[in-house]
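2 protein chains.
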Amino acid sequence: MKRSLIAASLPDITITDPLFASYIEKVSTKLLPYQWNVLNDRLPDVEKSYCIENFKIAAGLQPGHHRGAVFCDTDAYKWLETLAYCLMSGCAREMLPAAEELIELIAKAQEPDGYLQTYFTIDHPELKWKNLTEGHELYGAGHLLEAAVAYHSATGNETILRIAVKLADLICEVFGDGEGQCHGYPGHQVIELGLFKLYRHTGERKYLDKACHFLRVRGGKPNYLLEELAKTGKDRIFPEFADYDDKYAQSHLPPVEQKTAEGHAVRAMYMYAAMADVAAECGDEQMKKACLALWENVTQKRMYITGGVGSSGHLERFTTDYDLPNDRMYCESCASVGLMMFGQRMAALTGSAKYYDVVEQALCNTVLAGIDAEGDRYFYVNPLEVWPANCLPSTSMAHVKPVRQRWFDVACCPANIARTLASLGQYIYAKDEKSLYVNQLISSTIRETVRGVSLRMELKNELLASGRAEFRIHTEGEGAPMLRIRIPRYFDGCRFILDGKLIRPAIENGYAALALSHPGDQTLVLETEIRPEWIGANGKVRADTGKQALVFGPFVYCLEQVDNGESLNTVFIEPDAPVTAHENNTGLPGTLPVLHFAGQRLQTDIAGGELYGRASYRMQKAEFTAVPYCLWCNRTPGEMMVWLKTRLPALERFVK
Amino acid sequence: MKRSLIAASLPDITITDPLFASYIEKVSTKLLPYQWNVLNDRLPDVEKSYCIENFKIAAGLQPGHHRGAVFCDTDAYKWLETLAYCLMSGCAREMLPAAEELIELIAKAQEPDGYLQTYFTIDHPELKWKNLTEGHELYGAGHLLEAAVAYHSATGNETILRIAVKLADLICEVFGDGEGQCHGYPGHQVIELGLFKLYRHTGERKYLDKACHFLRVRGGKPNYLLEELAKTGKDRIFPEFADYDDKYAQSHLPPVEQKTAEGHAVRAMYMYAAMADVAAECGDEQMKKACLALWENVTQKRMYITGGVGSSGHLERFTTDYDLPNDRMYCESCASVGLMMFGQRMAALTGSAKYYDVVEQALCNTVLAGIDAEGDRYFYVNPLEVWPANCLPSTSMAHVKPVRQRWFDVACCPANIARTLASLGQYIYAKDEKSLYVNQLISSTIRETVRGVSLRMELKNELLASGRAEFRIHTEGEGAPMLRIRIPRYFDGCRFILDGKLIRPAIENGYAALALSHPGDQTLVLETEIRPEWIGANGKVRADTGKQALVFGPFVYCLEQVDNGESLNTVFIEPDAPVTAHENNTGLPGTLPVLHFAGQRLQTDIAGGELYGRASYRMQKAEFTAVPYCLWCNRTPGEMMVWLKTRLPALERFVK
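Protein chains in written order, with my numbering: chain A, 1 to 656; chain B, 1 to 656.
Just so you know, these hints were derived from the structure itself, not from any lab. Backbone N, C-alpha and C fix where the C-beta goes; we use that ideal spot for every residue, glycine too. One or more of the hints may lead you astray.
[To be verified] Dumping the calculated EDC-like pairs for lysine to aspartate or glutamate here, alpha-carbon to alpha-carbon at most 16 Å: (1) B:Lys540 x A:Glu610; (2) A:Lys56 x A:Asp41; (3) B:Lys234 x A:Asp235; (4) B:Lys166 x B:Glu111; (5) B:Lys540 x A:Asp372; (6) B:Lys56 x B:Glu126; (7) A:Lys540 x B:Glu104; (8) B:Lys128 x B:Glu228; (9) B:Lys301 x A:Glu610; (10) A:Lys401 x A:Asp372; (11) A:Lys166 x A:Glu240; (12) B:Lys540 x A:Glu104; (13) A:Lys354 x B:Glu610; (14) A:Lys234 x B:Glu126; (15) A:Lys234 x B:Glu240; (16) A:Lys56 x A:Glu126; (17) A:Lys30 x A:Asp12; (18) A:Lys540 x B:Asp605; (19) B:Lys56 x B:Glu104; (20) A:Lys434 x A:Glu478; (21) A:Lys301 x B:Asp605; (22) A:Lys540 x B:Asp321; (23) B:Lys354 x A:Glu610; (24) B:Lys108 x B:Glu158; (25) B:Lys234 x A:Glu111; (26) A:Lys301 x B:Glu610; (27) B:Lys434 x B:Glu448; (28) B:Lys301 x A:Asp605; (29) B:Lys247 x B:Glu134.
[As the list claims (entries may be wrong)] If we take Cβ atoms under 8 Å as the criterion, some of the chain B residues that face chain A in the derived model are: (30) Ile237; (31) Glu240; (32) Ala242; (33) Ser312; (34) Ser396; (35) Gln620; (36) Ala622; (37) Lys645.
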């Protein structure tokens with residue numbers, strides 16, 4: 001199992017898919033400079049970040065107190081990580097000076113013993129490591145480690161790696177079971193992932209051990225975080241956080257014993273991803289069992305069709321099985337990024353392609369929806385149904401923003417989306433000793449060496465347009481590496497044609513396996529038929545009873561007011577009416593089509609125009625236009641709806 | 001307009017309707033003794049009230065600090081008011097000693113200058129009148145005044161009236177526009193109603209003037225409550241109350257300028273009721289216009305079919321037009337009691353019967369639902385749809401209780417329901433110089449003197465059983481008083497038969513007007529046809545699109561799991577299928593029938609049992625049993641649903 005499957009290296013991958021390429025281009029040319037300005041508080045009309053200012057104060061370069069969120073250092077780390085991935089792909093080199101400047105600043109802000117978190121360094125040195133529940137020191141450290149590994153890989157910059165090693169070594173010293181060590185664990189997970197990456201990068205075993213330690217001690221009785229919080233008393237960083245419970249940070253049980261997704265969704269996803277890393281690396285069967293159970297619970301009972309997770313608008317958390325309200329949930333963009341990370345690692349752990357169906361679901365819907373076509377507006381919350389006039393504090397819907405925002409006082413999402421898009425290649429290609437894996441059918445090119453064979457491949461995906469994907473392959477060498485291509489869940493059978501000849505590759509773990517036995521050029525064509533289709537939800541999902549959603553390949557579609565008028569609640573679809581795809585000439589990025597279909601509008605008239613009374617109803621035929629959910633709210637803002645009411649007679653024709 | 005219409009006096013009214021009589025009997029025989037024990041903290045398994053203990057401490061009879069809610073004195077006042085109404089009807093005399101004991105205690109707790117609120121007297125004397133936003137002193141005073149007027153009327157007890165006058169005089173002194181007076185107004189309205197009742201009872205004009213004063217100065221700029229709160233700073237009684245805004249307590253505008261229902265629903269209803277009192281008493285046309293606008297907004301855009309108000313579970317407040325979610329709202333029992341008060345006063349203000357349609361809607365549904373058949377369990381929140389397993393903090397649904405509770409730390413609702421039922425007669429009969437009004441067709445008897453004619457009447461309502469209501473009338477004297485009988489909205493025409501002869505009384509302002517011209521005995525029979533019917537909601541109510549609710553006369557019906565199994569979300573009704581009424585043999589109080597109808601259950605199967613996928617649907621015929629909403633959760637707890645999905649073909653047959 002050990003290191004069964006690892007991501008291919010980004011420098012050898014180029015994304016050519018028009019939709020993703022346009023976002024990636026925006027990330028390197030607009031988002032990175034934009035976020036750099038935000039971190040430096042250079043934009044007058046954007047909420048202040050204070051991020052760089054805090055580092056300067058901590059570095060002793062200027063006086064002042066810490067401002068902004070306790071964890072806002074991480075905005076800089078994620079920015080740096082994003083830049084690293086862009087540099088690997090040969091873009092955004094003009095940001096290098098800014099990065100070097102930032103790294104020097106971080107180095108100065110780091111304390112002699114390796115400690116690094118500006119909030120405590122500046123104003124609360126006596127409280128270091130004493131409020132793990134709210135302090136986010138280990139969260140910050142985790143993101144720093146991830147950024148350092150990425151940036152060192154991209155540029156060979158030693159300073160950032162030194163900073164990371166120094167901080168990681170301090171954490172290894174401070175935390176542990178030993179006398180005088182802190183027996184705590186992070187209030188917000190991610191350090192586990194950071195330590196694991198640093199272990200992979202440096203080969204230093206103790207970082208892996210410490211990641212395992214945090215996952216082992218978490219959830220012990222008495223509960224460390226609750227006891228710490230009790231000691232903290234009224235001196236809270238988040239006083240509004242009255243109803244904190246042990247499930248919120250997944251400390252209600254040791255991770256290895258957890259079977260249902262509980263608490264804050266982002267914390268959960270980061271922890272589950274780390275659990276999968278550890279299970280694979282250490283061959284820990286118990287941990288693997290827990291990962292399988294958690295994956296099953298998340299994806300079969302607590303996930304939206306858009307790959308969104310976190311059904312509660314309050315505390316951004318998981319709730320109960322099949323509780324999936326469409327209008328008031330959280331579905332934080334970061335949580336879906338975390339779900340992608342979890343899925344990628346589950347595939348590495350099990351060798352099964354099916355996990356990438358969910359990765360694709362989260363990526364193509366919630367994660368892409370989090371950023372606008374211009375690359376400088378973001379969603380934090382990702383509802384499946386929006387009534388803009390009702391998104392108010394007085395309706396408890398203030399967390400649902402009907403339009404993307406420029407920045408947030410808690411700015412995790414924009415940076416998280418950016419680093420995910422910039423490193424998209426890691427979700428497309430992976431390899432092991434014998435094989436190159438194609439996990440996402442996203443148009444791109446790659447150079448890799450597998451089994452001593454150097455391989456170049458160009459993947460061209462035209463599935464939604466023509467049902468065709470083409471792989472132009474060039475190999476040099478005799479090792480006969482395997483090419484393993486994931487067969488997505490939404491394929492209804494497919495054919496493979498190699499240099500004009502129909503072939504029947506074996507299907508193993510959801511991958512079509514093809515030996516590249518002779519060197520030189522080969523062209524593999526994958527043919528299938530993908531049509532837009534209406535999808536239902538398990539009958540236990542009350543919010544979706546009698547409703548269907550329109551999907552086309554991995555993309556969930558939605559209705560927007562700008563195309564269909566207001567009161568989308570009155571729309572009833574007829575799933576047996578044909579859905580036709582049309583070129584998207586609305587100026588939205590990419591080449592995804594818009595979908596047209598005929599349905600009905602319900603008009604309700606109450607006797608005397610009263611609020612309640614005898615009703616007369618009129619169903620009127622209407623034409624509707626659906627656009628990809630990931631592109632919603634890129635035009636005139638308004639209502640949006642994914643799950644649409646279905647006419648029962650139509651439903652009945654579905655009976656087998 | 002002045003005193004156009006006043007409630008008949010309770011001692012002359014006896015309720016004979018089996019449903020209401022059973023609740024009223026419970027109020028006097030069970031609820032009053034039960035609540036007295038609760039107020040005295042004598043019940044081990046019930047949340048402590050501390051109410052009487054606080055009075056004892058304030059009275060100097062025992063040491064200690066104030067405990068319980070800042071406003072918990074009012075629980076005693078509402079208990080006393082309830083008892084007063086029971087005494088007027090000749091019941092609960094065994095509670096008299098307890099009442100006298102309580103009154104002596106209140107007298108001792110009242111300060112020499114008349115000040116009365118145990119919270120401040122005991123622990124915060126320096127803060128008296130300084131935190132009107134949170135302190136509830138004027139709220140407590142308002143309830144004390146209401147209780148005093150009722151108890152003095154019932155028993156002639158002078159002590160309680162003296163306490164009230166002393167407190168009212170102090171308030172008249174402390175508050176005003178003058179030099180050195182407090183320019184504030186209540187953070188929670190009700191003092192206006194209390195002062196108005198005391199004015200009516202004593203004839204002392206200054207109490208009316210002070211009520212008018214509070215309604216005049218409210219909502220002035222700068223906002224008194226917000227400025228006060230700013231001064232209070234961190235020293236808050238309700239620190240969790242972070243997002244307090246000027247709409248919360250209806251201080252965003254002067255009441256006379258308010259046109260939409262905003263903020264905390266109970267505060268709003270008490271204020272609107274007082275506005276209607278003042279408009280009628282002072283002939284204030286501007287105030288009347290505001291009342292009409294507010295009534296229209298509440299009842300035509302922001303009210304549930306059950307007469308519930310307050311769509312937001314957060315802060316118990318109004319939200320926006322047509323925002324009426326069925327599962328997560330507040331719909332506090334007290335708010336519907338307030339709506340009854342508002343409606344009663346709007347009828348007095350306008351002389352129109354239509355307001356009593358809403359009074360009846362609130363009474364027969366939300367208010368009755370607030371208390372269980374045994375009289376000692378209560379709902380505070382009144383949803384129209386409950387999924388018990390999901391009523392959790394992590395789903396932001398903790399405020400929705402799937403079963404009635406024994407008591408609450410904020411115990412306004414039980415007492416409010418009790419005083420409303422105990423004084424039900426005031427909502428049934430009213431009179432003016434010439435006429436006796438029958439505003440509710442609730443079986444009862446009354447003795448009154450109108451136009452010098454002494455009148456006895458027995459009203460027997462069998463409308464739901466036989467479409468028949470009978471009035472046995474005996475008059476003595478020559479004044480020919482008018483009998484005015486409200487024609488409810490749900491009548492589809494009706495006939496009047498006087499002593500066997502069909503008559504055609506004039507219909508004036510929604511009342512059938514009949515001159516009782518000759519003395520002696522007369523029998524008036526009202527005949528109509530009332531059938532259970534399916535009711536729809538205005539198309540703008542998104543939560544109810546394509547749904548209907550079953551009503552029978554004034555009673556809204558619902559499905560319960562105990563009769564219909566779980567997953568009520570899969571029920572689809574066919575409104576053209578016959579609905580039949582059957583005797584209710586479930587042991588529920590009263591004689592309201594249960595309703596049977598045939599409909600469908602939707603079964604959804606997703607390919608491979610996945611969470612999402614191609615769906616096959618099966619509609620299965622099923623029989624359903626609906627019970628009155630006001631009686632739900634009196635048997636095995638479970639799911640409950642009022643608004644039911646409707647099959648579209650059935651809908652279309654409604655098209656005219």
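Evaluated hints:
Note on Lys540 (chain B) and Glu610 (chain A): the hinted pairing holds, with a Cα-Cα distance of about 11 Å set against a maximum of 16 Å. At roughly 13 Å between alpha-carbon atoms, Lys56 (chain A) and Asp41 (chain A) fall within 16 Å of each other, so this suggested pair holds. Taking the CA atoms of Lys234 (chain B) and Asp235 (chain A), the gap is near 13 Å; set against the 16 Å cutoff, the hint holds. As the CA atoms of Lys166 (chain B) and Glu111 (chain B) are separated by approximately 10 Å, the hinted pair is consistent with the 16 Å bound.
Of the pairs offered as hints, the one joining Lys540 (chain B) and Asp372 (chain A) is violated, with about 30 Å between alpha carbons and a cut-off of 16 Å exceeded. A hinted pair counts as satisfied when its Cα atoms are at most 16 Å apart, and Lys56 (chain B) with Glu126 (chain B) does not qualify at roughly 20 Å. Pair hint Lys540 (chain A) plus Glu104 (chain B) does not hold up; C-alpha atoms about 58 Å apart against a cutoff of 16 Å. Our distance criterion of 16 Å between C-alpha atoms is met by Lys128 (chain B) and Glu228 (chain B), whose separation comes to about 13 Å.
Distance check on the hinted pair: Lys301 (chain B) and Glu610 (chain A) sit about 9 Å apart at the alpha-carbon level, within 16 Å; holds. Taking the CA atoms of Lys401 (chain A) and Asp372 (chain A), the gap is near 14 Å; set against the 16 Å cutoff, the hint holds. A C-alpha spacing of about 34 Å is found between Lys166 (chain A) and Glu240 (chain A), which places the hinted pair above 16 Å, so the restraint is violated. For the proposed pair Lys540 (chain B) and Glu104 (chain A), the alpha carbon gap of about 58 Å is over 16 Å, so the pair is violated.
Only pairs whose Cα atoms come within 16 Å are accepted, and Lys354 (chain A) paired with Glu610 (chain B) is accepted, the gap being roughly 13 Å. Pair hint Lys234 (chain A) plus Glu126 (chain B) does not hold up; C-alpha atoms about 25 Å apart against a cutoff of 16 Å. Between Lys234 (chain A) and Glu240 (chain B) the CA atoms are separated by roughly 13 Å; this keeps the pair inside 16 Å, and the hint holds. Under the criterion of a C-alpha separation no larger than 16 Å, the hint pairing Lys56 (chain A) with Glu126 (chain A) is inconsistent with the structure, at around 20 Å.
Only pairs whose Cα atoms come within 16 Å are accepted, and Lys30 (chain A) paired with Asp12 (chain A) is rejected, the gap being roughly 23 Å. For a cut-off of 16 Å, the pair hint linking Lys540 (chain A) to Asp605 (chain B) stands: about 10 Å separates their Cα positions. As the CA atoms of Lys56 (chain B) and Glu104 (chain B) are separated by approximately 10 Å, the hinted pair is consistent with the 16 Å bound. For the given pair, Lys434 (chain A) sits about 13 Å from Glu478 (chain A) by alpha-carbon distance, which is consistent with the 16 Å threshold.
Proximity of Lys301 (chain A) to Asp605 (chain B) is assessed by CA-CA distance (about 15 Å); at most 16 Å being required, the pair is judged to hold. Restraint check for Lys540 (chain A) and Asp321 (chain B): not satisfied, since their Cα atoms lie roughly 30 Å apart, outside the 16 Å limit. Taken as a hint, the Lys354 (chain B) and Glu610 (chain A) pair is honoured in the structure, with Cα atoms around 13 Å apart against an allowance of 16 Å. At roughly 15 Å between alpha-carbon atoms, Lys108 (chain B) and Glu158 (chain B) fall within 16 Å of each other, so this suggested pair holds.
With a CA separation close to 35 Å, the supplied pair Lys234 (chain B) and Glu111 (chain A) exceeds the 16 Å bound. For a cut-off of 16 Å, the pair hint linking Lys301 (chain A) to Glu610 (chain B) stands: about 9 Å separates their Cα positions. About 12 Å separates the Cα atoms of Lys434 (chain B) and Glu448 (chain B), which keeps this hinted pair within 16 Å; it holds. About 15 Å separates the Cα atoms of Lys301 (chain B) and Asp605 (chain A), which keeps this hinted pair within 16 Å; it holds.
At roughly 15 Å between alpha-carbon atoms, Lys247 (chain B) and Glu134 (chain B) fall within 16 Å of each other, so this suggested pair holds. Given hint, Ile237 (chain B) at the interface with chain A, is violated; its Cβ is 15 Å from that chain's nearest Cβ, farther than 8 Å. Nearest Cβ of chain A to the Cβ of Glu240 (chain B): about 6 Å, under the 8 Å cut. The hint holds. Interface hint at Ala242 (chain B): satisfied, since its Cβ lies 6 Å from the closest Cβ of chain A, which is below the 8 Å cut-off.
Using the Cβ-Cβ criterion of 8 Å, the hint placing Ser312 (chain B) at the interface with chain A is satisfied: the shortest such distance is roughly 6 Å. Proximity of Ser396 (chain B) to chain A holds as hinted, the smallest CB-CB distance being about 4 Å (cut-off 8 Å). Below 8 Å, beta-carbon pairs count as interface contacts, and Gln620 (chain B) has none with chain A, the closest being about 11 Å; its hint is therefore violated. Because the smallest distance between the Cβ of Ala622 (chain B) and any Cβ of chain A comes to about 14 Å, over 8 Å, the interface hint for this residue is violated.
With its C-beta approaching chain A no nearer than about 6 Å, Lys645 (chain B) sits inside the 8 Å limit, and its interface hint holds.
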